[in-house]
Amino acid sequence: MSQDIVCDCGHKNPEGTILCEACGKPLKDDETKPILNMRYEGSARRSQTYKKTPIDKIWNFFSSVKVGITLIILVLIAVAIGTIFPQDVYIPANADPETFYKDQYGILGEWYKALGFDHLYNSWWFVILLGLLGLSIIVASIDRFVPLHRALKNQKVTRHDRFMKKQRLFGVTLSNSPEKQLEMAAKALKEKRYRVKEEDGNLFAEKGRFSRWGPYVNHIGLIIVLIGGMLRFFPGMYTNEVLWLHEGETASVPGTHDQYYLTNHQFIFQTYDPDDKKYKEALKDAGGAIAKNYQSNVTLYKAEGHPILGEEPKLKKVKNAGVRVNHPLKFDHYQLFQSDYRLGELYKMNFKLIDKRNNQPHGEISVNLFNPKRLYHLGKGFRIKLLDYFPDFYFNKKGEPASKSDNPNNPAFIFKMYSPDHPKGETNFIAIKKNLEPLGKNDYKMVLSGLKTRNVSGFVVKRDFTIWIVFAGAIIFLIGVAQGMYWNHRRIWLKRKGDDIWMSALTNKNWYGLKKDLHYLTGESGLSEPVDRLEEKIYRQERGMKA
Amino acid sequence: MSMVKISSICLLAAFILYTLATIIFTVAVTGKKFRNKSGENAGKWIGRFGFIVTIIGFIAQMGYFFARWSAEGHVPVSNLFEYTTFFSMMMVFAFMIIYIIYRNNGVGVLTLPIAVVIIAYASVFPHEVEPLIPALQSNWLKVHVTTVALGEGILSLSAATGLVYLLRVVDQSKPSKKTFWLEFVMYSITVMIAFVIISFSFQAAHYNEKFKWINEKGNEAVLVYHMPAIAGPYEGEKISGGFGPLFPSPSWMNGVEAPRKFNTVIWSLLGGVVLYWIIRLILRQRISAALQKILKGVNPPLMDEISYRSVAIGFPIFTLGGLVFAAIWAQQAWTRFWGWDPKEVWALITFLFYAAYLHFRLSRGWHGEKSAWLSVIGFVIIMFNLVFVNLVIAGLHSYA
Ligand code: HEM
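Residue numbers (UniProt numbering), protein chains in the order written: chain A, 1 to 547; chain E, 1 to 400.
No lab work stands behind these hints, which were simulated from the structure alone.
We put the CB at the ideal spot given by N, CA and C, even for glycine.
A couple of the hints might just be wrong.
Derived contacts from chain E toward chain A, CB cut-off under 10 Å, selection only [as the list claims (entries may be wrong)]:
id, residue
1, A135
2, Q137
3, W140
4, E235
5, G236
6, L283
7, R284
8, L323
9, A327
10, G339
11, P342
12, K343
13, A356
Sequences are here, hints too, so could you generate the full structure?
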């Protein structure tokens, strides 16, 4: 078991204590140093006390600030290298990551890829590095928080002489009326919002102790941020789906398990007016249009009840919305973003049936390229049958017409044209800039007479429960940092030694602010201002005097 | 007079006033002895005067800001010129806060000239009133950018005071590694100044030179140089008269118009060398040695404290603006709150660097000189993000 150290003042300190928690007497300090090292109040930190077992060693490793800084810098270097070449998600969509880095960036690119820098943020070693950083934050915080808390709780008003003398700010006043001066000092300190305690005619004034907990609060925030970031890899926490929706179409919103449906009424693409007086020059320089707005006008529906497989769901309108960049549609933990678009995609093609002999038209049909009808009646005995349709037409290896995909990138059609004089029909093959009569010469032909295009909106659907965890962590972090940075822990001790009054003062940061308080204190009470022994030391060093 | 005109006159006024304030602060600290009361008192009044000039300059710069806002119809922080100018404004603002707290003239000696150089640097970029693309039409963007600029402004103050500290304490009696690096910092400042002078000279002469090249998107395009080409585009072909190129840019530089920017960097580095040696020959000593004589009166522990305090104040503000608000905006505009875009990553690097700085200060022996060096490196990272990441590494944020 650990052995307590009992100080002259009677306080029992845990093993490893450097300065007595109660009176501050140096229990094992370097006698030669003129100014005491006040970090963590000289309290007994586990890492400085126990150094034998493997667990001690691991604990000590992670609680070391040097190790912590090393980890921070390793992360820093890793992410900096990660920006030299693009991450794999940003390389061109058609590039193969296996060869892209080597081809583009040579040997360096090859190493970059081999070491996992191309997908740094998912690479195993980077995740481990973050894990170690988190571990280090936790261990270092516990190692310091517990003893620091103990030491600050056990402070006594009367401090040991050696403790007083070895503070950075220390001064002695030869007083004629010590009681009176101490009384005035207490009053002045209270005016400056110090909590003042008295014991045996000595004074102890303290303020801003809560700021000492700032680092621990901010470290907790950081841990929460790290946990939030890792949770993303767990299913259910994070949904990210893409939805391409044509104007006029309705589809189930992916990721919502068919609970929500969306109709895209219209996609709007607006640019700035090139004659706009304000922006004229910039628009001329840009040499083209500058985008002003991308917007999809949509209606959101909710499916009623539990949809049965294969059956059309009953839809209930939730709301109409204009989804714009920076203005996602929000519903039920989901966000739907306007993220991409394609303008003027082929939608319908119109064809006229024409009698080649006299150029006489016999009606017009309109073919929906996504869902074409088979049969079109034109009246008076004319009708058209769509025998075959190739949305993305090419000739396959056998030399037959075929389709590469379902997108109407290059539509081609085989029509059968029935007319009173050709009741068995004539065959016409039509593709872009092609009009063939594969089964012999025809009397009739189909002629492209119109095109209808429509726009397509690209949406991203997100549901991200990790955001709230990360965000909460960030807020806690900021509160902790502000707590530790914008307030400071100031302490002033006044000790009577006969007719003399000793004064020493300490702050964890912002000595200038503390000195201003002392200036006020000495002005009000007539005590002499303590000397800043750090400034004194440098002043003397520069003039070659003895320190 | 148009609002745009008024705004540029205001900016010019601010530029001149800050320059004036620099001179006044320099006079205020020159030759004083550290801890010498009578010298301090004389300096005090000159310093107060310098501060008043600074305030007037700041008001002028606010005039620039609001006039441009009204001309443009949106907060003027959306291109490189506007952001950089705003950054300098925040730096001066941070200086005013610190001055009010500490009443210290030493802080002004370097902060104000750096702000002046940054305004001049900003002015080299196109000034046109630009419309906002949809991704930039967001209130979160304004909140994000203004907070980042404020945070970075305060953090820069840490570097300016850190530099004063180093100039004050580094032994100049014999050359050493430290004097070398301090001179290197001085040289970097002359590079910035050279860049401004060279850019304005060639702009005034309407110099241009054209190349055919394959741009970053893989399309054939024409690239216009506004300075004589030392480095031409990679596999580019000159299609106009003019100087050079002496050699092509490396193929891996693939930001927007990277070769032109690379050429500008070469010009600035060379111009910096010339300018540096002119100044040095006039002074007949290291620039930092000359500055040390001026800064005799500065109190080193106080400078160290101010430098640290600037980080303490600036770090949370930077984190709020550069990471938290940035994430909120990115979530709205690009559907993800964090995307590892180079600009985002460099904000994270800045954050990590200052986190490391704060932890270094927990260790014995890292106050004073070492931490002053760190604060200077921090500024280099901030400038790297502003200059290099924007101009060279292409990303979603790249303005120019
Ligand atoms: C990115 C990661 C980290 C951030 C942003 C961070 C942030 C901070 C901040 C802002 C402070 C307050 C500093 C001050 O008041 O001067 C602090 C203190 C501290 N940090 Fe961290 N920290 C990080 C990682 C770590 C790690 C890995 C360790 C492990 C050794 C660590 C150990 C400490 C210690 C010991 C303190 C001082 C506590 C005290 O004064 O009571 N930190 N940290």
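Earlier hints that do not hold, by number:
As far as the earlier hints go, 4, 5, 6 and 7 are violated by this structure, in ascending order.
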